[in-house]
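2 protein chains.
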Amino acid sequence: MADRRLITGFSNPTVKFLRSLRDKKHRKREGRFLAEGLRLLTDARESGRLPELLVMARGRDDHPLLAALEADVLAAGGEVIETGEDILEKITGKDNPQAVAGVFPEFDTALAGLDRAAAPLWLVAQAMRDPGNLGTMLRTCDAVGAGGLILLDDCADPFSVEAVRASMGAIFTQRLARARWDEFLPWLRAGPGQLVAASLREAVPYRGAPYAAPCFLVIGNESRGLPEDYEQACDLRVTIPMRGRADSLNAAIAGAVLAYEALAALAPESQA
Amino acid sequence: MADRRLITGFSNPTVKFLRSLRDKKHRKREGRFLAEGLRLLTDARESGRLPELLVMARGRDDHPLLAALEADVLAAGGEVIETGEDILEKITGKDNPQAVAGVFPEFDTALAGLDRAAAPLWLVAQAMRDPGNLGTMLRTCDAVGAGGLILLDDCADPFSVEAVRASMGAIFTQRLARARWDEFLPWLRAGPGQLVAASLREAVPYRGAPYAAPCFLVIGNESRGLPEDYEQACDLRVTIPMRGRADSLNAAIAGAVLAYEALAALAPESQA
Numbered sequence: 016m017a018d019r020r021l022i023t024g025f026s027n028p029t030v031k032f033l034r035s036l037r038d039k040k041h042r043k044r045e046g047r048f049l050a051e052g053l054r055l056l057t058d059a060r061e062s063g064r065l066p067e068l069l070v071m072a073r074g075r076d077d078h079p080l081l082a083a084l085e086a087d088v089l090a091a092g093g094e095v096i097e098t099g100e101d102i103l104e105k106i107t108g109k110d111n112p113q114a115v116a117g118v119f120p121e122f123d124t125a126l127a128g129l130d131r132a133a134a135p136l137w138l139v140a141q142a143m144r145d146p147g148n149l150g151t152m153l154r155t156c157d158a159v160g161a162g163g164l165i166l167l168d169d170c171a172d173p174f175s176v177e178a179v180r181a182s183m184g185a186i187f188t189q190r191l192a193r194a195r196w197d198e199f200l201p202w203l204r205a206g207p208g209q210l211v212a213a214s215l216r217e218a219v220p221y222r223g224a225p226y227a228a229p230c231f232l233v234i235g236n237e238s239r240g241l242p243e244d245y246e247q248a249c250d251l252r253v254t255i256p257m258r259g260r261a262d263s264l265n266a267a268i269a270g271a272v273l274a275y276e277a278l279a280a281l282a283p284e285s286q287a
Numbered sequence: 016m017a018d019r020r021l022i023t024g025f026s027n028p029t030v031k032f033l034r035s036l037r038d039k040k041h042r043k044r045e046g047r048f049l050a051e052g053l054r055l056l057t058d059a060r061e062s063g064r065l066p067e068l069l070v071m072a073r074g075r076d077d078h079p080l081l082a083a084l085e086a087d088v089l090a091a092g093g094e095v096i097e098t099g100e101d102i103l104e105k106i107t108g109k110d111n112p113q114a115v116a117g118v119f120p121e122f123d124t125a126l127a128g129l130d131r132a133a134a135p136l137w138l139v140a141q142a143m144r145d146p147g148n149l150g151t152m153l154r155t156c157d158a159v160g161a162g163g164l165i166l167l168d169d170c171a172d173p174f175s176v177e178a179v180r181a182s183m184g185a186i187f188t189q190r191l192a193r194a195r196w197d198e199f200l201p202w203l204r205a206g207p208g209q210l211v212a213a214s215l216r217e218a219v220p221y222r223g224a225p226y227a228a229p230c231f232l233v234i235g236n237e238s239r240g241l242p243e244d245y246e247q248a249c250d251l252r253v254t255i256p257m258r259g260r261a262d263s264l265n266a267a268i269a270g271a272v273l274a275y276e277a278l279a280a281l282a283p284e285s286q287a
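Taken in sequence, the protein lines are chains A and B. For the first sequence, the positions run 16 to 287 when the numbering used here is used. For the second sequence, the positions run 16 to 287 when the numbering used here is used.
Next up, chain A with everything else stripped away, as it sits in the complex (with noise of 0.2 Å):
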C-alpha cells in the first residue's frame, strides 16, 4: 500500500520518538502513549479509539482485523510506518514484540468529566506504585462493569506500557481519573457516593456489607495500605478474612474480590 511509510534505521527520529514513550516523563511531554497487539488495538478500535500513528512489522501474518484497522487509520489521517521485527523489539521492549504497536492520545482524565451515575460501582487506587495492578485493576473494572478507575495521590502511570498490557484493552473502555484526595473528597460529597475502604480497623465483614450504589472502593498502597484519616473520611470500613500469615492480599486481588461483592449486592441479576 503506497500510503505505508518503511523504516529501517534505528536512528530514525519517529523510531525515538516511539521508544522515547517507554518513558513517563517523555509520554507527559507529548501526551502520547503505546499500545501494543492486533487484540488490545483492535479493542481500542472497537471502543471508538484510533491510534494516531501505527507502526507494523514487515514479515508479520496477514489478518483481516489489521487491514480494517490500517484503513480506519489511513481514513482518519493516521500514519502508517512498515519496519523490521528488531526495531519493534526496541520499541516495544519485548523480545517477541507483537507484529503491531499503535501512539494513542492521553485521555482526559480530569475528575469533572466522571459522570457517577454512570455506573453503580468505581474503583479508586490510592498512591498505587505497580503498574500492573493499575491494569489489572481496569480489566476488573471491565469484568465487574465498572464505571472506571480513579487514582489518587501519587500513583503509578496507567498509560505506562506495562499498564496498558495488563488492562487487556480496559484502558480502552474505562474511565480513568487522577486526583489528589483533598480534591476527590470534596467532589465525591458533592453528590450522591459511597465511600468503602478495605480496612483492618472498626470495619465489618465485607461479606453481606452495606454496599450502596454509586460505590466507590478505594484500595490503598501496596505496601502501607491507605492512609488512617483517608479510613476514617469513608462511610463503610470492610474487612476480607485473612487466615494466614500475612495481614494483606495484593492489592489488585483485594480490589477484586471486594467488587465482585459488592457487584452481588448491588446488582442481584448479575449473579443469574
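If you're looking for bench data, these hints aren't it; they were derived computationally from the structure. Among the clues, some could well be false.
Given that identical chains are not distinguished, each listed pair holds provided it fits within a single copy or across any two copies.
Claimed, not checked - The list that follows gives simulated cross-link-like pairs (lysine-lysine, DSSO-like), each with its CA atoms no further than 30 Å apart:
(1) Lys43 x Lys31
(2) Lys43 x Lys109
(3) Lys40 x Lys105
Place chain B on chain A using the hints.
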C-alpha cells in the same frame, strides 16, 4: 563479625553463582533459588526455612531481625557474605535491591508428599505462564488458609525471583506441588476431593455453588484457559459474571474470587 566473608569483585565465583540463579536453567541444575529482602527472609526463618547462604549489602542499616537471621544462618552452618550494593544489584537484577538476599534449596514438589486433608481448599494452576501470577496465587492461598498450590503441566517457575517476590513469603509456608494432568487426575481420584473449574461452558454461578472440602479450584492458562477435556473431567464448573467487553479475568484474580467464595462456603466461621 569474623564469620562474614567480604566479596568486592563482580567476577568472584560466588557472585557468578548467585547471578546464575536468576536463570531457570541454572536454578534447576543447582536445585537452589534466591529470595530477597529482610521481610521475606524473616518470613522464611519464622517458617523454619533458613538460607544456606546469606548475602548482605555493606553499609545497610542495622536491624535486630537481620542480626537474628545472620546468627541463625551461622548457627545452622550456613555462610554469610558481605558485598557492595552494586554487586547486590547485579545479583537481584533490581535497581534498588533490598539490603539482603538468601539462597535456599528448592523444596520437594512431588504430588505424593501432599496431604489433601490438611486444608479444605487448594488452588491448582494449569500451564500458568506468568511467574507473578503464581506468586500472587500463593499469597492468596495463604490468605484463605488454603493448603497450597498445585502446578499442572508447563507452568512458569515458582522459584523464580518474580514468583518468590510476589508470594510475599507464602512460598515458604504454602505447599507447592508440580505434576502433569495425567498424573494429577489419578492422584486426585484416589481419595476424596472435589475438582472445580472456572468455566464459561455448562457452568453454574460461582456464588452459592456446592463447594465441598477438600476443594481443588483449577485455573487455566492466561490466554487459552483450561483445555475442554480438563473441564469435562471436573466435578463442578462455575462461572464468574463478566459484565464488560472482555470474556476473562486475570488468572490470579479469577483464582482469588473463587477461593474467597469457596472459603465462605467451606468455613463460614471465617466470615465473622
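Tested hints:
1. Lys43 x Lys31: Answer is within; shortest intra-copy Cα gap is 16 Å, inter-copy 39 Å.
2. Lys43 x Lys109: Both, since 22 Å and 25 Å are each at most 30 Å.
3. Lys40 x Lys105: Answer is both; intra-copy 18 Å and inter-copy 26 Å each pass.
The structure shown violates none of the earlier numbered hints.
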